[in-house]
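Let the sequences and hints guide you as you build the complete structure.
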Amino acid sequence: MSAAVTPQQPAAVTRKEPKPERLIDRILNWQFPERARGVVTWISVVLLLVAFALLVWGMVSAVSYTLTHTGPPCTNPPQREASPPQWVMVGVCLLAFVLGHLTARWQSIDPKHSQRHKNLREVDHPETDPRKREALIIQTLLLVFLVEVIGLLIIEAVTLSQNVWPITYYVRCAYDAAGVQSMAAAASILFLVGRWFWLPDRGQNARTRS
Amino acid sequence: MGFVALVGLSTLALLAVSDIFLTESKRASVGEWVTLWAKRYPMFALALTLVAGALLGHFYWATAG
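Protein chains in written order, with this note's numbering: chain A, 172 to 381; chain B, 2 to 66.
A couple of the hints might just be wrong.
What the hints assert, rightly or not - Residues from chain A shown here face chain B by an in silico Cβ test under 10 angstroms; the list is partial:
#1 LEU226
#2 LEU265
#3 GLN278
In case anyone wonders, no lab produced these hints; they're calculated from the structure. Just so it is clear, CB atoms sit at the ideal spot from N, CA and C, and this is done for glycine as well.
Written out as structure tokens, the structure reads:
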């Protein structure tokens, strides 16, 4: 009672089974539930407001102390170990970095804007690119960043040459004098960096090879 | 110290405000603009990354003293 052999069978035997998807690919290609994206958007807004408030708090504290005191709020030179410990600072900053990336990846984007964004990638001629205004904003921010870098480098060079505290010491001094506040400001910065400079979901934004 | 904090944090605060606007209006995030720009000007992005990394390493990871 053996089954009849058909000409199709050898081809069926040699056909390869599809490879099981690797764990890393499953993680990278996992799609966040669409229904929850609206919630993540509002969480993003709240966390961004918190980060903004912490940055402003840090700026106001530093400027007000500078205006009302003559000496530094820490030892000279500032200590390298303070409270909270450095590993706590690093851990909190890493968590904030990951949180920033995840909120940026999972927040909802209006399909109208995302479609426009994808279509505009194909524009090759800058003169016909309708993103001139956005490009101008980005270039302006880039210019501000470069000017700031030049200013910080000048400050660092002058202070080092004249045996005055370099910028590194001001960072240590902030950690020494107000460890928790410095940690909050650093975590805010890392949260923003995680949102802006960690490449987004490759399934949505990476270029295809075709 | 106040000046350094003001210069260093004010730009980030302004960018955070713009990110709040983009997120609330469900537009493409700052990260997507940065990604697009880096793909369009990869060498410039690489140079800026090196500069930023060197600065951060210098300011936050100095071990002497």
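The hints, checked one at a time:
1. LEU226: At 5 angstroms from the nearest chain B Cβ, A:LEU226 passes the 10 angstroms test, so the hint holds.
2. LEU265: Nearest chain B Cβ about 14 angstroms off; hint violated.
3. GLN278: 6 angstroms, holds
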